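Assemble the complex: chain D is given as a structure, and chain P must be docked to it using the hints.
Sequence order for the protein chains is D and P.
Residue numbers for the first sequence follow UniProt numbering, beginning at 1 and rising by one.
Residue numbers for the second sequence follow UniProt numbering, beginning at 1 and rising by one.
In case anyone wonders, no lab produced these hints; they're calculated from the structure.
Every value quoted in this text rests on a predicted model; they were computed, and no experiment measured them.
Here a beta-carbon is modelled for each residue, glycine too, at the ideal position from N, C-alpha and C.
A couple of the hints might just be wrong.
[As the list claims (entries may be wrong)] Which residues of chain D face chain P? A partial, calculated answer using Cβ under 8 Å:
no. : residue
1   : 18
2   : 48
3   : 66
4   : 71
5   : 76
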Amino acid sequence: MSSTNNHDEYWKANLKLMGILLSIWFVVSFVCGILLVDVLNQIQFAGFKLGFWMAQQGSLYVFLLLIWIYVKRMNTLDKHFDVEE
Amino acid sequence: MELKTLTIVVVVLSFALYIGIAIWSKARSTGDFYVAGKGVNPIANGMATAADWMSAASFISMAGIIAFAGYDASVYLMGWTGGYVLLALLLAPYLRKFGKFTVPQFIGDRYYSKTARIVAVVCLIIISFTYVAGQMRGVGIVFSRFLEVEILTGLIIGMGIVFFYAVLGGMKGITYTQVAQYCVLIFAYMVPAIFISLQATGNPIPQLAFGSEMTGEGMYLLSKLDSVVQSLGFTEYTEGSKSTVDVFFITAALMVGTAGLPHVIVRFFTVPKVADARKSAFWALLFISILYTTAPAVGALGRMNLIETIQPGEVGTATGNIEYSQKPAWFNTWEQTGLLTFEDKNGDGRIQYYNDKNEAFKAKADSYGWQGNELKVDRDIMVLANPEIAQLPNWVIALVAAGGIAAALSTAAGLLLVISAAISHDLVKGVFVPQISEKKELMVGRMAAAFAVLVAGYLGYNPPGFVAQVVALAFGLAASSLFPAILLGIFSKKANKTGAIAGMIVGIVFTLSYIIYFKFMHLELNNAEHWWFGISPEGIGTLGMMLNFAVAIIVSKVTAPPPAEIQHLVESIRVPKALS
Chain D
1 MSSTNNHDEY WKANLKLMGI LLSIWFVVSF VCGILLVDVL NQIQFAGFKL GFWMAQQGSL
61 YVFLLLIWIY VKRMNTLDKH FDVEE
Chain P
1 MELKTLTIVV VVLSFALYIG IAIWSKARST GDFYVAGKGV NPIANGMATA ADWMSAASFI
61 SMAGIIAFAG YDASVYLMGW TGGYVLLALL LAPYLRKFGK FTVPQFIGDR YYSKTARIVA
121 VVCLIIISFT YVAGQMRGVG IVFSRFLEVE ILTGLIIGMG IVFFYAVLGG MKGITYTQVA
181 QYCVLIFAYM VPAIFISLQA TGNPIPQLAF GSEMTGEGMY LLSKLDSVVQ SLGFTEYTEG
241 SKSTVDVFFI TAALMVGTAG LPHVIVRFFT VPKVADARKS AFWALLFISI LYTTAPAVGA
301 LGRMNLIETI QPGEVGTATG NIEYSQKPAW FNTWEQTGLL TFEDKNGDGR IQYYNDKNEA
361 FKAKADSYGW QGNELKVDRD IMVLANPEIA QLPNWVIALV AAGGIAAALS TAAGLLLVIS
421 AAISHDLVKG VFVPQISEKK ELMVGRMAAA FAVLVAGYLG YNPPGFVAQV VALAFGLAAS
481 SLFPAILLGI FSKKANKTGA IAGMIVGIVF TLSYIIYFKF MHLELNNAEH WWFGISPEGI
541 GTLGMMLNFA VAIIVSKVTA PPPAEIQHLV ESIRVPKALS
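Here chain P stands alone, though its shape is the one from the complex:
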């Protein structure tokens, strides 16, 4: 079967599966709609959390980011997994014990204040919409690359599918589709990774191939990569070029942000018991780590493959570089999509790929007769082109397409659900119309989900600035607003409503202003020279979090302590057993 037809068949089959699951798990009560009736098995919840968590960016872009950033990309690997330790130890079990439906509800009850709840809703909506815009864009891009349809068409199809199962099934529908989506995406990620590892090193396990010798060369993959990229003027692969301060702050912001993302936290509300919440944090990280420990291997192997293809001979010799007319078939395919572009700057008919931004390397490049880097490579190609580079059959390529779509849809659905729950449960039921019936609330929830899908679709089509970067910024916002309020709510009996509200507002306003200043107003100033303490906008959430903690603690000290029943509430969420 032709590749395009096959891809369509595989993608449509996966959609049929998701829709089937949605019909089977239709939500019948608000409990079903918000927290899947608290009846999800911890292992299934681990899988759903993994799919919820791993977005189009994790699936398509991460290996490529690692391939081109080397050590510097470690911030994502540690940041996006280390947050689960915080979740498991500091938040998940206690929030599950609290046992309600949403994150703002916890903040509102714990801080005995509707204002606190509304502030939390506003933070949640800012965080989740920043994040979901990137996902919808991801859906559109995957559709357009694999199925050759317009981004808008892809976006509409994606919105339609999410609309169907999120609006109909609520959290229950989302949970079980996410389980299916995890299976699709992890299978699609691992098959090409295993084959590529096997071809390059003879070891099928990517995590081990990463530290193995290259087949027939007697040289370790990473040592070879270090020396090869250096000979082309790049920074050594295993060394970083970012400052230690910045790496530290970005990693912290990503970790704490992960623990503070509402769509991740709420997944732990869906299991039956406190002990299950802890257990499912373990399973979630296990399922995530399968992909996250494979990605660096895919990145390193992909970079090696790319350089060996372009530079088969010795660097600097006249015949060291591949002739453009001799390029492999996969090169052709990806040139057509615009992910690879070649411009013969020195007119020798061969491809030169090197770091022309490195002033120290310029003299050498000149002596080789090179007049600038001739190959532009989009980082996404590292995952998307893998099956072709490894010469795998067409069904694997089709599977990668389905996997990318699964990753984007599962994350988008999770985000849309927390947005709709914040509107229907926290604002409508919690603040404006407390006497609303359950049936009506369910209807409002569905309408809010539908509305959120439309807004997300619009943001995906007209993204505010650079989407990938905007997504990374959502973590800083979560770290600086919700995380401290939840943490203090559990671990301090003295934290009061004035402190929590002041802390959240100071945290998010500070972080948001810093980001807007450097990312949108003064892009030209966005460099280490102008940053505060050398912290980039990606890492500023860590400082925002510290400010939030400081303000909340100090204000709580100088204002009236929380009432006695709140102290009792805190005591009750600290033990799994129900207190009389």
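Chain D extracted, bound-state conformation:
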């Protein structure tokens, strides 16, 4: 029974982490790159309009970062809940 509880906790922690990361995923691509692109395009940095840069470069870098964080956090969670393979 304790192992089932342990697995439930692990699953909850996983869902929470996923929820946070997927919210960021949605914000950088759909919100910054599409819905608010015209607003963000008012901001200029280096030779880029911010909205355009988010759509063609920035969101891709954030996607990579999100997966990297997920890999690291899940490895820690696997250890913490003792569910490693």
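Below, chain P alone, put in the same frame as chain D:
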């Protein structure tokens, strides 16, 4: 050495490499054939996934699409990379834990139903054949452009190579050839991109050159491009012309479709552990992003280069446009291939390139004495002509040819393998002849791969409609059929077989009908006025996916819940450790 000879030498050397790898990694068991014995290192799998994923369209056409569509092309950049976040977080680790060979097998086991498995096989085959037809066409085109052979000849050579290593080596052979193909294609893509960036902005890193000032002009590349294209009647480069709704739906369909493509998912079955599946999703996206963040820079620089060549002087002045007789050498080469065509409509001996579809710009064009756009540019030229525009040595041009072929072959092989696995493992072993021996199953797998190569070759030679568009549609089909069934299978213990089957059927039938209606039956109605909610056929997969989810959830609620052992199965795939 002459360019053509050099190209042949480089391409033949790359083929020898792939064949060598295929012989070295011959599949000896069904485990080797379907999932490379689950022994692939996560970084190598990341590379193989990147090559599997990046097709001829990514390598040859994407930068050109961006060059001419500007902001609107962002749907491809975000759509085709954002899907990896979904894969890494929602699918890959759990499917790896499930630990079998194919996607339909997961659906069949999770939904305790042979019918569900067969429906999944049908969806998989529709998706993969739509996709592979475009790849074989790509192989033929690359061959014919660089080696000046007929498309059919190119197609047959390409089929022969894929046949050899996919049939012999199965997933194991494909994996290691894809690793080699990734190295070839990324090197071939980056070398010209770096030189072009350096020449235009003094910064060798394309991602930075994209936001830099043009050498000796004190003006940012993108600001200049915005004003120059506007002065020729085009939409500003960094602004879009598609509706926000459509951009939103297309991006979503491409993202979810990426996560639902069987030939991509199955790559995550080949690593040893669950943790490796997550890790290799990271490596895959890293390797893909190297090309995907470079492509917009290549696109913008290419468009700038093209306009500056055609329009060296001020827009509208009598001598503002280049004289046809003064055109650069690369212009000549590509005119011969038909990728560039010039027609002197106003008879002034100079080339005018502008947007003659823009009614508001017409008065201005008339006042300049322009009588229509005189230059037709195929978008593929942005990548293919890059080495010549940047005046790079011949070996770089030869390398670009090898890179284009590598991109097309690697994707085709991955697709053919999932098709053959669906036939031999899901249909023959799973449904019709369960008692078949492993040796016989392996033979059936090889025969199915051979058969799939032939069908793909035929579809490549007689493509159904516009190939490039057909490929983009495969994503909508994947998003609306397989993705919801897999996702619910992992995240809901209540999703049952009736729900999953009904959902998949409703999703794919709806999406397919919408596409066929607008793309094949009523092309004349294919515009925002007639689309539902302003969603184009490219984006309709998102709506199909929502329908699939809705139907699956509602039907599961009103029919019998899954048996206890299925709930146990779901619990076991959610944790990496083996449950007793």
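(request) Verify the interface restraint on residue 71 (chain D): the C-beta must sit less than 8 Å from at least one C-beta of chain P. (result) Hint holds; residue 71 (chain D) Cβ to chain P Cβ min 5 Å, cut 8 Å.
(message) So, as I understand it, the hint says residue 76 (chain D) touches chain P; can you test that by seeing if any CB pair is closer than 8 Å?
(response) Violated - the Cβ of residue 76 (chain D) stays beyond 8 Å from chain P, reaching only about 11 Å at its closest.
(message) Tell me if the interface restraint on residue 18 (chain D) is satisfied: Cβ within less than 8 Å of some Cβ in chain P.
(response) holds (5 Å)
(message) Using the nearest Cβ pair, does residue 66 (chain D) come within less than 8 Å of chain P?
(response) holds (6 Å)
(request) Answer holds if the nearest beta-carbon of chain P is closer than 8 Å to that of residue 48 (chain D); otherwise answer violated. (result) holds (5 Å)
Hint 5 alone, counting from the list given before, is not met by this structure.
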